[in-house]
Amino acid sequence: MAGVWILAGLTLVIALVGGLLPVLGKWKENQKLLHKSTSIAAGVLLASALLVILPEGFSLAGDSNHLLIGGMVLSGFMMMLILEGSGIGHAIHEEHHDHEGEHGHAHVHHQTAPLLLVLGLSLHAAADGLAIGSAMASGNTAISTIITLAVILHKMPAAFSLGVFSTHQNDEKKNVIRDVALFSLATPLFIVLSFFMLQNITHETIGLLLLFAGGTFLYVSTVDTLPDIHNAETGKAAMLHVVLGAGLLALALLIADYSGVVELGH
Numbered sequence: 001m002a003g004v005w006i007l008a009g010l011t012l013v014i015a016l017v018g019g020l021l022p023v024l025g026k027w028k029e030n031q032k033l034l035h036k037s038t039s040i041a042a043g044v045l046l047a048s049a050l051l052v053i054l055p056e057g058f059s060l061a062g063d064s065n066h067l068l069i070g071g072m073v074l075s076g077f078m079m080m081l082i083l084e085g086s087g088i089g090h091a092i093h094e095e096h097h098d099h100e101g102e103h104g105h106a107h108v109h110h111q112t113a114p115l116l117l118v119l120g121l122s123l124h125a126a127a128d129g130l131a132i133g134s135a136m137a138s139g140n141t142a143i144s145t146i147i148t149l150a151v152i153l154h155k156m157p158a159a160f161s162l163g164v165f166s167t168h169q170n171d172e173k174k175n176v177i178r179d180v181a182l183f184s185l186a187t188p189l190f191i192v193l194s195f196f197m198l199q200n201i202t203h204e205t206i207g208l209l210l211l212f213a214g215g216t217f218l219y220v221s222t223v224d225t226l227p228d229i230h231n232a233e234t235g236k237a238a239m240l241h242v243v244l245g246a247g248l249l250a251l252a253l254l255i256a257d258y259s260g261v262v263e264l265g266h
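Counted from 1, the sequence shown has number 261 at position 261 by the working numbering; the numbering is strictly sequential.
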């Protein structure tokens, strides 16, 4: 049980640090580093979804209806798609980069209320917490640790992007801190809630919830990098960074499995 609080606290600290860095000043101008870190993190997130979360979800779901199993993955993906298509999006940093390239400055005027965008990001952060909490509830500490690693690597650039966005939308630092705090609390809150609420739930149900979370991971890991991939100037570098992130996690999993540190098979 102590592990749940440790993982929750870790995700909280990482998100707060990443989100509040832009408040310090010049950090927000390093866009190349943000692009690179986002692409590498997307690769890690993609690999964790395909190599860890979805296989574990399929295994736990067992003999559940195949349409239901696939539907849970699709539901997670479609939830993120609908949120972003409705303007309650995740990809704040892509909008920021596009606007900066076209107009030479970084202030973005969104048609959607800034608070709704923050809530959209927080909903995705909640899905991260659901994935970690569900894995912890299944009793597989190794899998939950791997998922947490992927979430943390992705959360830093996501929180940083939110901090940049919020500093451009708010004149007062207290409002930036409010936005970052809301986003930062979502993942640890849902880690704890998921873990305790799923204690007496069947493994099949936990598996279905993991599949739903895996669908959100698939959406974010691909959409995070699509603007860069489709850009003639940044496409090759973004592709290499995604491959690097995915390759590093895959290699780490192979080494851990071979050495017996992590048992991925059932």
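Please note that a few of the clues may not be correct.
[To be verified] Each computed BS3-like pair below joins lysine-lysine, with the alpha-carbon atoms no more than 30 Å apart:
1) Lys-32 <-> Lys-236
2) Lys-173 <-> Lys-32
3) Lys-32 <-> Lys-174
4) Lys-36 <-> Lys-174
5) Lys-36 <-> Lys-173
6) Lys-236 <-> Lys-36
Keep in mind that the hints were calculated from the coordinates and are not lab data.
### Task
Starting from Lys-36, check that the Cα of Lys-173 is at most 30 Å away, please.
At roughly 27 Å apart (the allowed maximum being 30 Å), Lys-173 and Lys-36 satisfy the hint.
### Query
Is Lys-32 within 30 Å of Lys-236, Cα to Cα?
Judged against 30 Å, a Cα distance of about 14 Å means the pair holds.
### Task
Sort out whether Lys-174 lies within 30 Å of Lys-32, counting only the CA atoms.
Holds, at roughly 27 Å.
### Task
Quickly compare the C-alpha distance for Lys-236 and Lys-36 to 30 Å and report which way the hint goes.
holds, 12 Å
#### Entry: Given hint Lys-32 paired with Lys-173 - CA-CA distance at most 30 Å
holds, 25 Å
### Pair hint outcome, Lys-36 versus Lys-174 [Cα-Cα no greater than 30 Å]
Judged against 30 Å, a Cα distance of about 29 Å means the pair holds.
Of the numbered hints stated above, none is contradicted by the structure.
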